[in-house]
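*Asks:* Sequence:
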Amino acid sequence: MKRISRRTLLGAAGGLLALDLAAPFLWPPAVAEPQLVTVPPVSWSDLRLGATFSPLEAGYMDLDPAKALAAVLTLNLDLLRLGAYWNALEPRPGEFAWEQLEPYLEAAERRGLPVILTVGMKAPVWPEYHLPWWVHETIWLPPTGLITRDPRLAERAHLFTRTVVERYASASGIAVFQVENEPFEPVLTEHGWTLDEPYLRTQVDIVRAADRLARPLLLTSYVASHRLVTGLQELQWRLTARPVTTPLFGWRSERALIALADLIGLDIYPHIGWHLFGIPSYLHARDPEDYAVLLAWRDAVRAAGKRVMIAECQAKPWEPGEKVYRQFETPSFGPQDIAPLLARLAAFGFPEILLWGVEHWVWHRDHGDPSWWAVGSSLLERRERLAEAASGWVPG
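Using our numbering, you'd call the opening residue of the sequence shown number 1 and step up by one each time.
There's no promise every hint is true.
[As the list claims (entries may be wrong)] Result set (DMTMM-like, lysine to aspartate or glutamate): computed pairs, CA atoms no more than 25 Å apart in a straight line: (1) K306 to E197; (2) K67 to E109; (3) K323 to E128.
Bear in mind the hints are in silico, worked out from the structure with no lab data behind them.
Starting from the given sequences, assemble the full structure and let the hints guide the process.
*Replies:* As structure tokens, this is what we get:
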């Protein structure tokens with residue numbers, strides 16, 4: 001047999017890589033296709049505003065989670081999103097600590113607030129993959145890429161998801177089940193783990209089969225909102241969701257996300273801080289062009305006949321290199337930025353928006369800075385004030 005030269009192998013590898021990098025241009029993702037969709041703005045009276053509450057985030061802020069939730073529930077919210085954290089609910093294999101979740105569900109029910117409940121191994125708030133200690137000790141986890149390479153992890157996660165949904169299969173206070181959180185988004189700042197389409201499809205099937213009330217299923221995706229970040233996110237997808245890299249990161253597509261869901265939630269953070277060569281730098285999405293990817297997602301979802309919402313709307317600072325930020329100076333995002341962002345999203349036609357970061361409002365208020373709480377609670381109470389924030393601005 002003739003031996004293949006190293007130059008031939010390198011040439012073949014280079015050709016495959018070139019094809020891989022060209023794939024987004026040859027076969028563009030669903031959200032990149034222009035859609036002829038006319039979306040009217042949402043009136044302030046019809047806009048539904050909610051929030052995500054996480055006891056983990058409250059703990060990171062040195063708040064008592066129960067007291068923090070009690071404060072959040074005094075806000076004029078229409079929806080509340082909670083997470084069923086695997087590491088908290090199943091501290092030992094097959095043993096469940098429902099007291100880690102049910103007080104929060106009961107508090108929302110007493111308030112008459114519909115709940116979106118996230119189920120799966122990936123839930124809101126860092127480190128996103130909330131795996132029990134016994135998973136780390138008994139199941140091999142890859143250093144990066146597709147996390148479910150050991151099939152035992154997928155099996156345990158499916159069992160956990162089924163158990164949670166069966167327990168709340170008839171709980172009328174839960175309006176929506178969210179399956180995983182940003183399932184196709186790698187956590188690049190940590191380990192680069194990903195979930196793939198076959199795993200997510202099974203998760204969706206499990207939830208639909210177990211839910212007696214046949215509630216809508218929500219799937220979410222992070223959406224870059226600054227032209228520079230959009231370019232970086234596109235590069236990330238080229239490197240982690242294309243033919244050559246699929247064996248490492250698993251097959252993930254925007255089309256699958258839209259097809260599997262009843263409701264798509266988009267996560268947007270227009271004002272973020274980065275460390276650029278050790279220097280704090282800030283990106284602010286202020287122009288309509290910065291929201292082109294968000295609008296493409298919106299149009300693709302609506303063209304598929306599905307509902308779309310904002311699942312995470314920035315309502316707290318994102319400072320350079322900080323996972324938990326407990327300072328009064330917030331160059332990235334301040335309370336004065338909340339109303340313009342909400343007004344813009346309403347003008348884009350998003351009927352439901354969940355605020356991200358209300359735990360920070362509580363922390364600032366409890367530490368002598370009432371500005372976040374005053375601005376946020378006032379906007380939620382008198383939503384017509386968003387009209388003032390939108391005046392003089394024309395949506396793209």
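*Asks:* Please write out, lowest number first, the hints stated earlier that are contradicted by the structure.
*Replies:* none
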